[in-house]
Amino acid sequence: MKGSWAGRLLSILIGVACFAVLNFWLAAGFFPALIVGVLAWLVAALINSGKQKEDKISLDGITRQEVESTIRAGRKLTAGMRQASYRLQQLEVKKEIEDLCKIAESMFELLKKDPNDLRIVKQFITYYLEPTHKIVLKYVELATTRPMPADAVSILDKTEKSFKTIRATFLQQKEKMLANDVMDLDTEIKVFETISSNMNTGGNAGKDRNTPSMPSGGRQ
Numbered sequence: 001m002k003g004s005w006a007g008r009l010l011s012i013l014i015g016v017a018c019f020a021v022l023n024f025w026l027a028a029g030f031f032p033a034l035i036v037g038v039l040a041w042l043v044a045a046l047i048n049s050g051k052q053k054e055d056k057i058s059l060d061g062i063t064r065q066e067v068e069s070t071i072r073a074g075r076k077l078t079a080g081m082r083q084a085s086y087r088l089q090q091l092e093v094k095k096e097i098e099d100l101c102k103i104a105e106s107m108f109e110l111l112k113k114d115p116n117d118l119r120i121v122k123q124f125i126t127y128y129l130e131p132t133h134k135i136v137l138k139y140v141e142l143a144t145t146r147p148m149p150a151d152a153v154s155i156l157d158k159t160e161k162s163f164k165t166i167r168a169t170f171l172q173q174k175e176k177m178l179a180n181d182v183m184d185l186d187t188e189i190k191v192f193e194t195i196s197s198n199m200n201t202g203g204n205a206g207k208d209r210n211t212p213s214m215p216s217g218g219r220q
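The end of the sequence shown is residue 220 by the UniProt record's numbering, with every number in the run present.
Please keep in mind that the hints were generated in silico from the structure rather than gathered at the bench. We treat Cβ as the ideally placed atom computed from N, Cα and C, and that holds for glycine. Be careful, since some hints might not be right.
Unchecked claim - For lysine-lysine, the following DSS-like pairs were computed, each having C-alpha atoms within a straight-line distance of at most 30 Å:
#1 K138 - K102
#2 K122 - K158
#3 K164 - K176
#4 K134 - K113
#5 K122 - K161
#6 K176 - K113
#7 K134 - K102
#8 K174 - K112
#9 K158 - K138
#10 K113 - K138
#11 K112 - K134
#12 K122 - K176
#13 K76 - K102
#14 K164 - K138
#15 K164 - K113
#16 K76 - K164
#17 K134 - K164
#18 K112 - K95
#19 K112 - K158
#20 K113 - K158
#21 K134 - K76
#22 K94 - K112
#23 K174 - K95
#24 K161 - K113
#25 K138 - K76
#26 K174 - K122
#27 K113 - K102
#28 K158 - K174
To be verified - Cβ pair distances, simulated, as ranges:
#29 I155 - A179: 29 to 39 Å
#30 P32 - K95: 43 to 53 Å
#31 K138 - R72: 15 to 25 Å
#32 K176 - D99: 27 to 37 Å
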């Protein structure tokens, strides 16, 4: 959930305003007001996040072009890997290659939703997906060669074992994209809780000041 700090602050203020109105003006109670405030903040944050991403793509033609170009390049690589795997007879290996393709393509879908992850995806394609594409194609070529070279079995076995390591690496790169959104969401929640707590404390203090003091002694 990325966006400018102005957009984030506006979302937080909307949530706090709903909380303040319900808690102090309508006297709905602290917890009901807090729940409504959090929901209002989440809705405003989601709307603002979507608008920020749409504006970024629509206003910056280079960014749109670069995102689309990056996704096309990545999908071309996964398509090549998938097409090559069709020549294999080993079902388990075909499944592992298909899994790698799906992980990569899920990252492309995340990039479409959040162009700010463009750098992560470009690095993923350059340093991880392209080498994997070459490995898969060479593996398939060697596995389908007849007669098979004498030393091919050991090389194929080593390559098959490496697919699990490659899968773990792919997932680590995907987690980088998700971690940014988690950090942003956690930060906004902490800011909202701090503002709400301060407003509630201030409201209670105001009520205490407005309460008339009772005389200490009996009636004179």
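Hint check:
no.: 1; hint: K138 - K102; result: 20 Å, holds
no.: 2; hint: K122 - K158; result: 28 Å, holds
no.: 3; hint: K164 - K176; result: 19 Å, holds
no.: 4; hint: K134 - K113; result: 28 Å, holds
no.: 5; hint: K122 - K161; result: 26 Å, holds
no.: 6; hint: K176 - K113; result: 15 Å, holds
no.: 7; hint: K134 - K102; result: 17 Å, holds
no.: 8; hint: K174 - K112; result: 14 Å, holds
no.: 9; hint: K158 - K138; result: 13 Å, holds
no.: 10; hint: K113 - K138; result: 33 Å, violated
no.: 11; hint: K112 - K134; result: 25 Å, holds
no.: 12; hint: K122 - K176; result: 13 Å, holds
no.: 13; hint: K76 - K102; result: 13 Å, holds
no.: 14; hint: K164 - K138; result: 17 Å, holds
no.: 15; hint: K164 - K113; result: 28 Å, holds
no.: 16; hint: K76 - K164; result: 22 Å, holds
no.: 17; hint: K134 - K164; result: 16 Å, holds
no.: 18; hint: K112 - K95; result: 26 Å, holds
no.: 19; hint: K112 - K158; result: 35 Å, violated
no.: 20; hint: K113 - K158; result: 37 Å, violated
no.: 21; hint: K134 - K76; result: 13 Å, holds
no.: 22; hint: K94 - K112; result: 27 Å, holds
no.: 23; hint: K174 - K95; result: 19 Å, holds
no.: 24; hint: K161 - K113; result: 33 Å, violated
no.: 25; hint: K138 - K76; result: 17 Å, holds
no.: 26; hint: K174 - K122; result: 12 Å, holds
no.: 27; hint: K113 - K102; result: 17 Å, holds
no.: 28; hint: K158 - K174; result: 25 Å, holds
no.: 29; hint: I155 - A179: 29 to 39 Å; result: 36 Å, holds
no.: 30; hint: P32 - K95: 43 to 53 Å; result: 50 Å, holds
no.: 31; hint: K138 - R72: 15 to 25 Å; result: 24 Å, holds
no.: 32; hint: K176 - D99: 27 to 37 Å; result: 19 Å, violated
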